[in-house]
Each structure stands twice: as structure tokens, then as C-alpha cells.
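Number of protein chains: 2
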Amino acid sequence: MTETVLRADAMLTPGGVVVDAELAFDADGRITYAGSARPESIANLDGAHPGAPRFESVSGVHETGVPAHSGRVTHDLTGHVLMPGLVNGHTHSAMTLLRGVSDDEGFMPWLAAVQALEQHLTHEDVEVGLQLAMVEMIETGTIAFADMYHWDEPLIELVRSAGMRAMVALASFAPEAVGFPGVSSWNGAEATEQTEALAERYAGDAQIRIAYGPHAPYTCPPDFLRDIAARAIERGIPIHTHISESAAEVAQITEQYGATPAAHLDALGFFEADVLAAHCVHLTESEIELFAATGTAVSHNPVSNLKLGNGIAALPAWQRAGLRISLGTDSVASNNTLDLFEEIKTGTILHRGAHQDASIVRAADMLEIATRRGAEAIGFPDSGALEVGRLADVIALDVAGSSATPLDLAAEPGALVSHLGFGATGADVRHVFVGGRHIYADGEHLTLDAPAIRARAAQARARLRAAAGGAGAGAA
Amino acid sequence: MTETVLRADAMLTPGGVVVDAELAFDADGRITYAGSARPESIANLDGAHPGAPRFESVSGVHETGVPAHSGRVTHDLTGHVLMPGLVNGHTHSAMTLLRGVSDDEGFMPWLAAVQALEQHLTHEDVEVGLQLAMVEMIETGTIAFADMYHWDEPLIELVRSAGMRAMVALASFAPEAVGFPGVSSWNGAEATEQTEALAERYAGDAQIRIAYGPHAPYTCPPDFLRDIAARAIERGIPIHTHISESAAEVAQITEQYGATPAAHLDALGFFEADVLAAHCVHLTESEIELFAATGTAVSHNPVSNLKLGNGIAALPAWQRAGLRISLGTDSVASNNTLDLFEEIKTGTILHRGAHQDASIVRAADMLEIATRRGAEAIGFPDSGALEVGRLADVIALDVAGSSATPLDLAAEPGALVSHLGFGATGADVRHVFVGGRHIYADGEHLTLDAPAIRARAAQARARLRAAAGGAGAGAA
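For the record, the sequence lines run as chains B and Y.
Read in order, the letters of the first sequence are residues 1 to 476 in the numbering used here.
Read in order, the letters of the second sequence are residues 1001 to 1476 in the numbering used here.
Derived by calculation from the structure, the hints in this document are not laboratory data.
Just so you have them, the derived chain Y footprint on chain B, three or more residues with Cβ under 8 Å:
id: 1; region: 96-104
id: 2; region: 342-350
id: 3; region: 358-365
Yeah, the Cβ is synthetic: ideal placement off N, Cα and C, and Gly gets one too.
So that you can see chain B by itself, here it is in the shape it has in the complex (with noise of 0.2 Å):
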């Protein structure tokens, strides 16, 4: 069976830093060998490349030919270094169309003019904004995120052919919500109806979990709510949602039902079913508790709660307690980017500086979050670390460049985590696999058409905007 190896120049594990680094992965995507590289690849990697220096090349990827006696392809990563996909924990993909709208708003009046255009999105919007998303994910070193938004299975299906992974749950309002007609019905019985079929249809899938996604305590009503619980555990699909994202919400929800969000929750039954929630910036000391008690998982949010002015969340506090975390960057409707490198950095520097202490939240905690524990909050815990048995869902950054300098991990291989950490963006991510797929290969997309989407992007915006009488970014 055909073994592919990664050489690089380290790799960040479960048991550390690994210099001089080797990942192998059969072909069913799953990891074979994690560790120092062995010298049976160093032997196949002079035997492609006859004469040349072993460890020279810089960015290039070499896919040898694949000798007989051994059935392996060798990629020479020299001057990269590996590390686990990232996971984003919470986002509203096809959203990249609206980049940019309302900048400078608080909450509420951001999502009215939000709602506003997306009461105008066609379905082909939805698909081009997921392509966009996916394509800025791939390219930032994302493989796998939870996604609450319109979906059905055309849209799954590209998620599928794109090579990544998603938690897809179809955003639902209250039942008597009359939804955004472009797109479908989001009337919250039509959804909990999708949903159970598309749990059907995606049961067992290596890429693709399906979740209710009702939206938030103070858009759906109470009978509703508890019905998707009930659902939810009789059936064993997860529940994506918000809760206590603005103080707004809190004050609404506290005013109506006479409880904070999670609790009144908490009395409809909800966190007896497997809850992915999102924000969490105003949980109370007894709903972080009630999160712990009950295995909820939550998702932290750093930029975007402080681009809308929503907060900053106990994530210290979540950490003791034990909770499940992972990291999300929200749309980019609030963020506006989907660089998770950056929220691994804001989120760890941000409760530094919040509590003025400096070893709060460590960089190697965060990247756990972004990488492991994401990947098992969101319903893929054999993704998110390189050990053998996981999938090979491994990104490549470039170390080559200014702001990665000096960086000597043979000498120091504890820098690795610190560059992840506070130095890396995005922009040096050069290879995706998942899987042990190549998605993304030196910096070129295997799997789609960027420049093809960009532009469909830029023409769905067009549309969106002129259909929403003029509204768009910077007109506030």
C-alpha cells in the first residue's frame, strides 16, 4: 500500500516539538509514523533526487516517483515545519459575502443590517460564499470547521469535493419565522425536518456532521427549543447554537424568562443533548459550571466578541472548569477575516492582558484549542494532533521568512510554539492535506477554483447589494 512521507524541518505533537521531523500516512489518510526522520526516507529521498542536496530546497514540493520496492511518495517540506489542521470552532461560512458590512456598529444594529441583505441571498449566493470561505480557510490552514447557516446537500457536497471537514447545522428560528425566502424557508420546523434527513443521508461520514442549528434563546422560542433537545438526544445529533454572546441577549432573555441564558435553557432540558455553543462572552459562574456537569462544549470567539463590542469571555475561567473548548472566528461579517492564526494569537494575548497575568493562558494551550480540542468539540476527535493512528490532517508553514527569524529549532525546538503561537499568520501556510489528501499545494489550491470564485464572488455581491438597494460596507 502506498505510503506518503512528509520531511520537515520540525513537526509539533501531542509529546512536543519534533526537529528534523518525519509524518508518513497510508492511503486511507491515517498516520503510520510521527517522529525523527528514519533513514529509509532520507535514502528514498536521494534516490529522487540524484546528487542534489537533501535538505536544500526551500519551498518547493518534489512528489517523487514512486519506487517499486517501497510504494512511497516523499514530499521534501524543507524549511516548513507541520503542525495539526486547524479547527474553527464557530463560523457562518457563505457570510464572506457580506465582508465588511456594518463595521462600526454594536450588536444588535449590526445583525439588523446583516438581515437586511441576507434577505436577499439566492442559493447559488450561499454556494459561492462557502466556496469563498473554504478557499480562505484552505489558504489559512483550516481543515475543518462548525458551521451554522443555510445548508443542504448540494452545499455538503462541497464541502466534500473541496477535501475538508465541517459540523454543518441549518440555522432555525422560531417556527413561525418566515425566514429568508432566496435561499429556503429557515422556519424552524422545515430545518429540524433537513436536518434529521441530512443526518441520515451523512451518518458515518469521514467529512461531513450534521447539528440543529436553533439560532439563539432570543430567537427561538421555548417549545421549540426544548423539542430540538428532546430530538437531539433521541436521536443523537448534536445542537449548534448561540448563547450569551451580547449583555443585550443577556438583559432580553434574563427580562423574559426570569433566568440567564444557559439556565433558562438548561430548565427546557437542552444540555442533556451534545451542545456546541457559541460565544459564551456572559456566562455566569453556575452556567460554567452547569457547561462542565454536563460535557458542553463551547466556542470561543475573541475577535469577533471585541470587534461588536460584545465582551470579553472567562475563557481562564472555562480552562479550570474543564470545559470543552474550541476557537472560532465568527463570519467575517464581524471579524473579517478567517485566519484562525489570528484568533490563536488574540486569543491568547487578549486574557493576558484582561487579568494582567502573563502565564493565564499559554500559547501552547491555545494551540491545543485550535488544533485537538476543537477538532473533538466539533465532532472529528480523530483529527487535530500528528500521532500515529489520527488522520493526516497536517498543515505546512513556511519558516523561511523575516518574521519567522531567527528561529534554530534544532537548538530551540521550544520556539516552534512560541512562532505558532504569536509569529505565524496565515499567509505562511504553503500545504494543506486532510486527510491525507493534498488540498492545497504550495500555495496553489488542488481542489477548487479560487480565482473562479473570487470573481463570483465579487459579481454575488454586486447583485446582493443592488437588490438591498445600495446597502454595503463603510455606507453606515
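Given the coordinates of chain B, assemble chain Y onto it according to the supplied hints.
Structure of chain Y alone, referenced to chain B:
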């Protein structure tokens, strides 16, 4: 006289966003035109590329021949946008060699770890560290910086030949301090003398401004600070210092002198001089009023302040008080990059989150602080804005990439502010002009040998690590 013309998709000017834009400057590097594309430039472009579509080149620079009748060089920067070059209001450039050192330490232990390595710096180390910093700054769009470190004439000449602008301050400590023997004494009295000689040598230089650099109130005794202030006032030399960076500093100064740091310095006559105060995380309200009354300039360093656990400065209060504000990265040892676009985004969203108010700082505010206001604060008032009569300190960013899509500037000019504030990164910068001199062209350095500098920096780090007994990044 030869005129240089830049044509781009759009341009950020004090009067707003100009689409289909043109910037022209003369041989002295002064802007002669900033506005919509002029017909004669289009004609010139046609002449230069006969038969070629006018605006199809995405990344190329076409240095056209110089027709005798016009004496004009035109750069077709289609697919790019223009903005003023960025100004770094506080850094220690040569500390690029210490990138990633002691990443998870609080301020005082971090400072000790850094200084343990700095003891072993040679003059050559400082040279290569400075050059690496300039490589990184230019690549990410910074054209001027306020620096405090070891400086002398050969180091300053490196800045001049690289084509950047700098406000240069010799870091100085108590007169009795031993200093770092490898580079020169950082003895206060000696630094004072050198500063004054350099100020005389570079008086009137367009690229260089000299400042005193008393390190901080907790490293310099009152008599020394009083003397510096008196000299600064007498000679008209500005002062660059650190004030109220950490709570530990405030506690120490308050205990030692019975006053908070800025109040303590005020009692020494400090703010009658022209002062640039970095960090100011813990200024009191009356200290903010003092800075407003004395015209004291501050430098906001949000990433460093967060990463070191120092806290969140009261930028919105500074804004309300009308302070002179610049934006800084601090050294890479507490950041870990020199990319001011990251600082712009963090500096905007941080305060929105901390105050739970999305309108409290806008992208446009922070872009002004990072350009015009920063340039004014560090002594280059003719830089920082694209308008006639100012210096042609201008950068071009590629906007063809995924994270800039969709971006229809003709229909939504305001989207440029949104993109530059929240979406762009240093990796998008393709061209840098300083005083009209083209120092970075389509991603290539024209004044610095970047690969050689990166290689020398790696060697310097190895030597430094060996001299310090093996300490380095990730060792803590």
C-alpha cells in the same frame, strides 16, 4: 523635472477614499497630485504599453520609459490600493534577535530574561538585529519608527541607506549602571553626551531625528531625569521613554517617591520637554489631563501590553482628552512581529470589547493614529497623509486575494477603510516608497539584502545563545 505617478484602484486620503486613484510626486519626494486619475496619465500609460489594456496588470510594476515630453515615470498598480506608509511609535528594533524569548513570562521576569541575553550583544549583533527589523518593517508597510536602544552613527547610517525614517533614542539608565559591555556603555552620562553629539550631527536630516532615551522612572534616578529634562528643554531635543507600563512599576514608584510615575516625572520638570511616552497602561485621570495640557505624546502598544500581562491602556480616554497618540509594536520580544496592521486591528477591537461599545474606536481612528498622528508624534509631521505638499511616504497593498474579496471599491469606497482596518495584513504589502524613493517593489527589497540579513541574524542568535549558556526561546 521628473514626476513619478502611481495609478491604483483606490487610495486613502485625508478627504476620504478616492477610487481609480492617482498619486504623483516630484524628484524631491513631495506629493504634487493626489486624486482621481488624470487623463494625461492614462495617455502616458497607453503610450508606455501600446495596445495593452490599461488596467489589467494585477501585481506587476511597469516602470515605463521616460518620454522626453513629460519626464514622467508611471507605475501601474492595478489590483492594489494606496495608503500612507505606517509609523511605528515605539520599538526596540535590534531586539529582533531575541524573538520568542521568555514568551510566557510576566513583565519583570521577562525583562530579566531579555537582559540576561542582552549582556552578550555585540555591535555587529545590534547592526544585524536592526537590519532584520527594517526588512520586516518594510515588508509589512512601515516607513518610520521611534526606537530606543543602542544607537550610534554607523547604526543610524544603516537606517538612512535602507531609506526609512527613524526617531532614534539611545537607551540610558542610571549613571552608575554598568550597561551592556558588548555594545557600549548604556551609562546615562555617556548616552547623554552621545545623544547631544548625534543631535548636532543629524540636525535637519529628513530621515533622522534624535531623542534622549532615559529608559523609565524605575531604572533612572530623579537627578538624572531632572538633568535630561533640563537639557531637552534647552536644546529642543525630544525625549522617548517608558511610563506606567506595568502595575508593578506604578506600585514601586509610588512606594519609592510617593507619586505615580507620570506625577513623579512631572515634579522633575519632565513634561516641559517634548516627550514621547510609551505604553502608559496605568495612567491616572489626572495624568491624562497632564499629558493633554503639556502636549505629551503617547504610544499605544496593545499587543505587547496584552502579551506581557500589563493590561489595557485607556485609549478612549486618551482620545477624548485629545492626546497626541501613536501606535507601536514594542520589540518583537514582546509581540512577536513588527506588523503594524495587526496592531491596528487589535488596537481597534480591544477597546470595543473592553468597553462593550463597538463605536468607541473605529478603524478610521486607528488608521489615522498609525499614519498621520503617529508621524506627527514621532517628529515627521510632513509624512502620514497622501496630500499635496506632503512627503511621498506611501505603500501599495494587493487587494486581489481571498481575504479582500469581495471588495468593489467603485460601488463601496468606504469598504477600503474596513479592509485596511480589519482585513489587511502586512503580507499584503507589495510596494513601499519613502520620500518618493522606491525601497520595496513587488515584494522585493531594493535597499536591503534580505536573505543575507536573515542568515546573519540566525548566526547572531546562535552566538548569543552560546554566550548566554544556551538560553533561548521556549527554554522557560
